[in-house]
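Peer 1: Below, each chain spelled out in residue letters.
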Amino acid sequence: MSASEPLLRVEDLRVEFPGEDGVVYAVDGITYEVHSGRTLGIVGESGSGKTVSSLTTLGLTRRQGARISGRILFEGEDLVALPEDRLRAIRGNDIAMVFQDPLSSLHPLYRVGAQIVQAVRAHRDVSKAQARERAIELLGLVGIPDPARRIDEYPHEFSGGMRQRAMIAMALVNEPKLLIADEPTTALDVTVQAQILALMERLQRELGMAIVIITHDLGVVAEMADEIAVMYAGRIVETASTARLFSAPEHPYTWGLLKSIPRLDAPREEDLVPIPGTPPSLINRPPGCHFHPRCPYAQPDHARIDPRLEPVSDEPGHHVACLLEADVRRRLWAHLRAGGTPEQALAAVGLPGAPV
Amino acid sequence: MIRYIIRRLLWGVLLLIVVAALMFVLFRILPTGNPALLRAGRDPQPKLVKEIEVVLGLNKSLPTQFWDYLKEVFLHFKFGYSYYNQEEVRSLIAERLPATLSLTIGAALLWIVGGLGVGVISALRRHSLLDRFAMGTALVLISAPEFWLGLVFLYLFASDIGIVKILPGAGSYAGLTSDPWKWFTSLIMPWIVLASGSAAVFARLMRSSLGEAMKEDYIRTARAKGLPERHVARQGVRAAINPIVTLFGLEVGALLGGAILVEYVFNIPGIGELNYKAIQSSDFPVTQGTVLLASMFIILANIVVDVAYAYLDPRVRYS
Amino acid sequence: MRSHKTIAAGVLAAALASTLAACGSSSSSSSSGTTASASSNGASSVVPAGYQSTVNESLAGKRGGTLQVLQESDFEHLDPGISYFALDYTVVFATQRPLYSNEPNSTAPTPDIASGSPEVSANNETVTVHLKEGIHFSPPVNREVTSADVAYAIERGANPNVANPYLTTYFDSIEGVPQAKGGPIKGIETPNKHEIVFHLTEPKGFFVAEALVLPLTAPVPKEYAEKFDNNKPSNYADYEVATGPYMLENNAQGKVLGIGYVPGKSATLVRNPNWSDKTDFRPAYLNEIDIKIGGSQPVIDRQVLEGTNVVQNEPVAQPAVQLAAEHYKSQMVLSPGGGNRYVSLDNKVGPFSNIDLRKAVWAELDRAALDRARGGDLVATVASHFIYPTIPGFEQAGSLTGPKGLDYNEHPEGDMTIAEKYMKLAGYSSGKYTGSSTIQVVGASSPPEKEDAEIVNQALKSLGFNTKLTLVELATMYAKYCDVPKEEIDVCPTVGWIADFADPQTVLNPTFNGKSIVATGNVNYGQVNVPTLNAAMAAAEVVKGREARAKAWGKIDDEIVEDAAAIPYDWETSPRLEGSDVHGVGMLWNEGCWDYSFTSLK
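Protein chains in written order, with our numbering: chain A, 1 to 356; chain B, 357 to 675; chain C, 676 to 1277.
Hints are supplied without guarantee of correctness; some may be wrong.
Where chain C lies over chain B, by a calculated footprint (3+ residues, C-beta under 8 Å) [stated by the list, open to error]:
1. 392–403
2. 410–421
3. 441–448
4. 509–517
5. 522–534
Simulated pairs of lysine to any residue, SDA-like, Cα-Cα distance not exceeding 20 Å [to be verified]:
6. Lys940/C / Ile616/B
7. Lys128/A / His587/B
8. Lys907/C / Ser417/B
9. Lys1190/C / Ile616/B
In short, the hints are calculated from the structure, not lab data.
For every residue, glycine included, the Cβ atom is placed at its ideal position computed from N, Cα and C.
Just need the whole structure built from these sequences, with the hints factored in.
Peer 2: Now the structure itself:
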């Protein structure tokens, strides 16, 4: 059961990086919540700001000269305002992070066990031997066979999947309340992916922790997440429960994502519909709705008005940031869902074509 | 690993034989080379020159001379006699080796500690005043010729000719066993002069190597684990140090063959000085011996560095 | 003797006030015999005014003490049967006593092992020398020196394992020497223990007698040295015994190597317990001489100037010469007789086989500039002929100004008008060379030879010659180019010569006699081969008496100048430095090197 108070609440977070070519607006005012025992999936393309927002949670963007505003509340404390040494006590302890490529994210010249032991002794006053025991325990917990022997091996001696398990073990060794997993399965084979995801779910049940899983892969969040936030160009464009997002998405970007996934139950003649264009520059962003240049349904004044994240009428927990009217959106989706192309849906609904 | 080392050593021996052969050929084709000519005085009569050549064994064919030399080396471990004072080459070298070792090892320690220390601090405090000052000084030291730097030190600090007479002057080197304090104080300036250029190079290297390492993903992970920054830096140094170890080993290997300029300015009776004087007077056997010694050190240094690298980087072992 | 390569540091400013006036007028010449007193002034050639001779007893310092010598170069040969470098002589002449040697400020021979002057027969074919009694070898040999020891010393010079460089040049006329291989020589007779007679096959007795100052005649005990002389090459030097006031420190078996001489590191001279000042003209004040080998000359020079009980004994680096002249005047001695320096021109092949072209270059060349590049007045005097101060024949050849009436030799700074006159005489009516040959000029790349080569090169160019200037390392310049006739190098701007002993034949014969030309190691650099000159030299070889020889060879010097065979430009002065409490006495006859047997501490 989730507590009614969120474990982590991100409020209007903005992260900017001053650079040579101009300011990079990586995160442009996002708000979301995570509850204990539940999984939030953050979905988006590269450059959507999903990684920066989670790194900022742990204060790992401070060194790069980021300008951070907004609040990140964790158990009542605002992590944005927290001094470095307090934040350090939280990292790897209350909040842990798992990264995308375990081969580059683990130090190649230290044994796996030693790296885990480091993680333990940074936060617990125990002897090396005790920390080692704990490391072995965790390696067993994540399903690595013969952990007492493998603990003394180097990362390059592990297979890809086992490396990720080891990373997870290292992250969980201090029983964090929140685990942030940034693309944890992207570097792995499909079969191994499934294993890792299953592992994470099991551990979540056993340890009761919250998980934020960041990915560009809808299949992953479909599997694991309870709630999903869709990010585009530094903003959240839609949040909903997983079931709701897949059955009744409200944002054209989400429609695009869904329509570009191949489905086993779709007819063979039905084409995949990719989203045209490329993600925008985060330095010179499109005015108004950031998505409008790529949106098949955009109207002229969408280039002037900033959409805000607003609740969807009859659904608690479902929010969308779109300037189209609600029923227009529903009718568009109905057509798309039935297999129509965006042009067909446009025509059927009677909207003028978008300035592409 | 043992087999690997043995194989490398055998190749090393082969390489030394090639070096010796090259030296033989080089000496004969150098125009100032003929020691018989030098021995025969300023107005050398051809007959006299021929006689001396016979005595020195230079009239035999090159391959014969070379073969004789190899036999002496491998069967008796003898490297011939100096043309000038008939002292055995190997005892000449053995006598001078301790001085060169003292000089090289002391300087190496100084530059490793100094150079890496400065480099680490510079990398971690990039673009700070300290960093700029350190890198600027490094540039000056790299550019300063050893000979000049040595003279500057002597004219500043030598007890006989310096302005501030605090350190022993040129020529005061004493062996470690005969006078440890003198040994130490007479080597302070030579150590600094010899180390300065290398320390500066290493500082710059470490700065860039560590700077790169600190951008790697595993450093991000270390921070994400909540490690204190100095532990994070230590992980960076651990990764950054590998290319430097290679360079360090090779430099030390090269210096063990004798740091000619420093030995010359400070009058330290080492291999470098021996080598230089032998070359000037076309004393082939001595030059041959010192060059072989220097080559041997370099070969050994290469082997040590390769083994050390495998030890330092576990990824290399299995390839 | 050979001068050492210097490690000169560069061209310096023009001359400062020198401690040395220009070479003064001549003093009296002496006969071939001299007395054995310590204060003899047997100098027969010019000793410039101002040169301090400190042989006078009243100027000497105390008895005893240890002198430190800082020496950059190692010794080449300490075996008296081989040595010929000036630096080697500093030790050899303190430990070995030849038949004759020189007092510090003299270039005339003084009897050493000999008891009196050599007796040369009327037909100039026999030389008889009587030996002193009561001279002993140092430990471990200890016994008295006999004539057989002198005979063996010379005989071993013919042994290929020893290979004395001078035997052939100076003693070939002794019967049996050309065929000798180390065994007894027919022409050396020892009628009794204190008499030695040389029988010659040619009438060169006087000259051979003069050559007896060479260390080759220092006695060597055969029964002790033979076993060393059988090694290839001989290692007698590692065990050598002494007859002089000092000896190289050795152990009970006589081993010097590693004890009294540690190659590359040090040499230690201690008193020879078997030496007696009653049989020697040397006072031998010092108790010990510690020679420290190694280091760099600039540092050594400074250490000596600022130190006590210490000297250096090699050519002084230029900056130190200037420094000493300004601030440490009393600690530097500038000794004349450092040899000559000249531009050699290929007389045999190429444009300079034409005498008028040679005279043209001579006339045009600014010899004063060449000397300034070498350090100016302190160390260089403009030369007008080849026999240099301290060698008999210097005055006879014309002293400072040289032979009279040669217009090309009268303007040390060069005179273009006269040069053009000779160019026209050579057939170039415009006064400039218009031929097609390119002149090969080879000099050394280190200063001051580099600057001198460039000055000569410029002079050639201004006469219209096309030149190709090659600068190489000094030793290479000799070994590969200037010493090799086959290379046909037209101009070698910085060659020089120094006498083996104070007889003018040793200055002119190897360098200008056509018979001296050899295929490699040739020191008649210009391949000068004038039949009349050769004949004159052959005749002068057999002249008896120092006066007569000085006259004969002085004349030959002038004839060489009249032939413009080469262009002399420098008579060198050798500087040496001493610590502030040292009473240094220099060997006038050996580049001014400090004489350890006469030097004392204040």
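Peer 1: Can the region 522–534 of chain B be counted as covered by chain C under the rule of three residues or more with Cβ-Cβ separation shorter than 8 Å?
Peer 2: holds (count 3)
Peer 1: Keeping to a limit of 20 Å between CA atoms, is the pair of Lys1190/C and Ile616/B held or broken?
Peer 2: Answer violated: Lys1190/C to Ile616/B is near 43 Å, above 20 Å.
Peer 1: So if I understand the rule, the pair passes when the alpha-carbon distance is 20 Å or less; does Lys940/C with Ile616/B pass?
Peer 2: Within the cut-off at roughly 15 Å; holds.
Peer 1: Take the C-alpha atoms of Lys907/C and Ser417/B, compute the straight-line distance between them, and say whether it is at most 20 Å.
Peer 2: holds, 18 Å
Peer 1: Measure nothing beyond the straight line between the CA atoms of Lys128/A and His587/B; if it is 20 Å or shorter, mark the hint as holding.
Peer 2: Given pair Lys128/A, His587/B holds - Cα atoms ~16 Å apart, limit 20 Å.
Peer 1: Is the coverage entry for the region 392–403 of chain B by chain C consistent with the three-residue Cβ rule at 8 Å?
Peer 2: holds (count 10)
Peer 1: Taking beta carbons only, do three or more residues of the region 410–421 of chain B come closer than 8 Å to chain C?
Peer 2: holds (count 4)
Peer 1: Three or more residues of the region 441–448 of chain B near chain C by CB distance under 8 Å?
Peer 2: Answer holds; 4 residues pass the 8 Å Cβ test.
Peer 1: For the region 509–517 of chain B, count the residues whose Cβ lies under 8 Å from any Cβ of chain C; is that count three or more?
Peer 2: holds (count 4)
Hint compliance for this structure: hint 9 alone is broken.
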